[in-house]
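S.K.: Chain residues, written in single-letter form:
Number of protein chains: 2
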Amino acid sequence: MSLQPVLINGDWKKAKDSTGTFNMTNPATKSRLPESYPVSTKEEVLETLEAGKKAAGELRSTSPDKIAEFLELFANKIEDRAEELVNLTNLETALPIEPRLRSGELPRTTNQLRQAAEAARDRSWCMAVIDTKSNIHSMFGALGGPVVVMGPNNFPFAFNSAAGGDFAAAIAAGNPVIAKANTSHCGTTKIFAEAAFEAVKESGLPPATLQLIYRTPPDVGLMLVSHPLVGATGFTGGRSSGLKLKEAADKAGKPIYLEMSSVNPVFVLPGALKERLQNIATELYGSCSLGAGQFCTNPGLVIIKKDENGDAFINSLGKIFEGNKPGTLLSAAGPKNIAEAIKILTKAGAEIVVGGKEADEAGYAFSNTLLRVSGTNFLKNPNNLQTEAFGTVSLIIVADSIEQMTEVASRLEGNLTGSLYTSTKGDDDLYYSKIESVLRLKVGRLLNDKMPTGVAVVPSMNHGGPFPATGHPGFTAVGIPRSMLRFAALHCYDNVRHHRLPEELQDKNPTGKMWRFIDGQWTQSDVER
Amino acid sequence: MSLQPVLINGDWKKAKDSTGTFNMTNPATKSRLPESYPVSTKEEVLETLEAGKKAAGELRSTSPDKIAEFLELFANKIEDRAEELVNLTNLETALPIEPRLRSGELPRTTNQLRQAAEAARDRSWCMAVIDTKSNIHSMFGALGGPVVVMGPNNFPFAFNSAAGGDFAAAIAAGNPVIAKANTSHCGTTKIFAEAAFEAVKESGLPPATLQLIYRTPPDVGLMLVSHPLVGATGFTGGRSSGLKLKEAADKAGKPIYLEMSSVNPVFVLPGALKERLQNIATELYGSCSLGAGQFCTNPGLVIIKKDENGDAFINSLGKIFEGNKPGTLLSAAGPKNIAEAIKILTKAGAEIVVGGKEADEAGYAFSNTLLRVSGTNFLKNPNNLQTEAFGTVSLIIVADSIEQMTEVASRLEGNLTGSLYTSTKGDDDLYYSKIESVLRLKVGRLLNDKMPTGVAVVPSMNHGGPFPATGHPGFTAVGIPRSMLRFAALHCYDNVRHHRLPEELQDKNPTGKMWRFIDGQWTQSDVER
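In order, the protein sequences belong to chains A and B.
Note that the working numbering has the first sequence beginning at 174, numbered continuously upward.
Note that the working numbering has the second sequence beginning at 174, numbered continuously upward.
Please note that a few of the clues may not be correct.
[Claimed, not checked] Here are a few chain A residues that sit away from chain B, every Cβ distance over 12 Å (derived from the structure): (1) Ser204; (2) Arg205; (3) Asp238; (4) Met396; (5) Asp480; (6) Lys498; (7) Asn554.
[What the hints assert, rightly or not] Now the stretches of chain A that chain B is said to cover, found in silico as 3 or more residues with beta-carbon under 8 Å: (8) 223-235; (9) 298-309; (10) 610-620; (11) 637-651; (12) 669-681.
Hints were generated in silico from the structure; no laboratory data involved.
In this text, a Cβ means the ideal position worked out from N, Cα and C, and glycines have one as well.
Let's have the full structure, built from the sequences with the hints guiding it.
M.R.: Okay, structure coming up:
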């Protein structure tokens, strides 16, 4: 039916000489949705880059207060259109309106935008350092080029290209955004972009502060992230696309922050199983099945020690996995990819405990699947046995001993998270130390007696981790203000006359409460002379 | 003569089945130095990686105080061997003993080590963030694998693989170092490694805290920086080797921090020339000729506006360049590379004002060279006209107008520094703003009325900048504590029981004065409950 417009340089317009169009499917009914979306040409992408570059320059001289106002106004406008959003997103993704979309993800998204606004206004995020003796000053500042945001399919609000965490962080740090919609929820992204663009206009920000395209041919995507005009890229998605984009951006020396794949190992120690096996099984299933298992922090690997409690745990888990109806997956690719991943896992030595088959439902679904493998067999083929299955699928590794559990930890790839469940009575303390010292280095966030699927938006969060979970172990995609540093460059001013320094580096504290590191001390004071 | 030993896992030993040996040359006499150094095999490099990995684990549970003691002890031992060092280094590099080596670079090096010790002891570098409500904590922590340091030829002390800034930063952050000596000053590096290893033993650190090799076949170097056991790499050197190492490390997802090349543009505005043409010419030559022009912050590009003062400036500069004797270059490659760079520059349209020839000296030398090109011609071939000539060589761009100067700024590659010389009376204020807004985004450090060659070791320093000056615009190689963050990963602890947290994240401030970000405030206090 109707071909949807792109948003380029302040105009909602028909895509220019589109190289094709596509339609989405309602995953709950497998029926085609009426709206068509264009595939943008190289020419059109270049147009967004040129406009983004211009906006980047203008935003650098825009007051952070004005940027903060924009973010807050945008959050309000999202709330105004909440019903429209949750209904359309439910249609596009099959994610339940309640509690997920309306009560969970939407408030989280507006909260992120408001936190980002506060961080922009506060200015402490830029880590101003002032050395009065040498008259050298430095701070993090906007990149001077647009940030490309490519959001994932599984968080249509909180990680949306035009409203999610990367968007909020990039804008709050003073950069315009070129949003490439995830192609599984283009309508959702378009509503966000409409609301954002209204807020852009009302706030008086440059028109190209946000631009929106939906899809590009693969080579144009590679051109986009590696183009001289681009500032940086934030990508959340699958490993294979992520690595291709990374290679292109790396070669051009353009920063790219990727969140790619993670099996989020959960080590359940013997004392914990002895103490509360049933509770942990329930908790684990809850975490595994959140969003039909389509969470980047979904626990796909569970490591236990072989003993009778271990057997009972698997038994109990098997019953829960089998007894629950699988959730609807985000797209036709969902069950296909899960089946492929399970094929790799079983070929590598894993046995299916329950599930393993596409589910016979009206929507896209795959039966909840539990697999098992011995520690010894895992160690024989650790790479394939870490294949991510993006659904309610977990592989239990049954190790012979704590030593073998530690050895398993040492063979893990980089992950976003790793969890350790332990006895509350201290029974597992020695084991904990042993495994933690290895696991710590493999993950961004280490959890204790907690499942990994909740990612709190707090300053101490690290939603990141060593490659291949992400592209660099020092950055987080969630947690304001730290996530903003991805979209900034370190700017030093040496002997620059006082009136020529950015406000943040002048003697007078520009907000009266901005934190700055002056002569080796963090302070909210002015520079004292 | 004698084949020098490598330092692997706590043993000074003969290189195993070396794939070859090499000797250095005294650049002042072009005569071969007697010591031979081995080219390490893949097997030997793997041995350093295994030992480094083990040491990394041990260092993670070593008290920062002990690491600080090591760094201070090492600094003392360097001072004990100062005479031996400056004499040998002078022989290997032809850098003058006074003032450069004994009074300049050596104190700078020990100062860096002591600053790093202080930072390790203080612990504020790790940016601990504590959110009491959510019970989520995070901090930067050591990588858990050895850091490979490859130092440059031009700073045999301050950037030495076994004693310089990268070494100090990596160790202070809790990582062992695999030093690959720069092959133009292997003897210097061996003395540093001897002193460091003595300090390692006396401090009781793991024997593989520092290991030393001198050279590898190219493919083994690529293997080293991309190996699963490696933590990260710090490289300072030429762009062509840097890019090869970057590609290998990027592909493996291993952090690599590179400082590659930079022409360090200096914009001299009309008011400044009108006011103090002669002073600026003298200052510029001083900066250009430091270390015989072999500084990464050497001003290789000077941009002025065409007018009579501009002509007088070139005239004056030409006389100074011509009237001074060129310094001795670091190696036979020096004059060869300069000649090649000048060939590229002249072919691209630059004209030689003075110099342009290899100098007839006992040592390796090239005549001080000044070139010029019009702004219009620069804009026709901006890439080749940014070719770095590593010596006392500067290209003056004579622009038609301030607009054209700004246009030149917009065509610059990423650089470490960019300078703006301005009238002290405000005549250039409007021009400054215009050019600064463009130049700011092209450089790591922006200078005003100051030449770029002094790199102060202060917390606000940024010795970094956009690609291709470095590999990432958010990191600095100089300036403690910030430079340490290159060799650390962000570690988050979610719901981890209090006694299992690292000291830095427990309620009690571990030093009584460590800065931590607790519930949104930087503080040196304990967590209040």
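S.K.: Okay, which hints does this one fail, numbers in order?
M.R.: none
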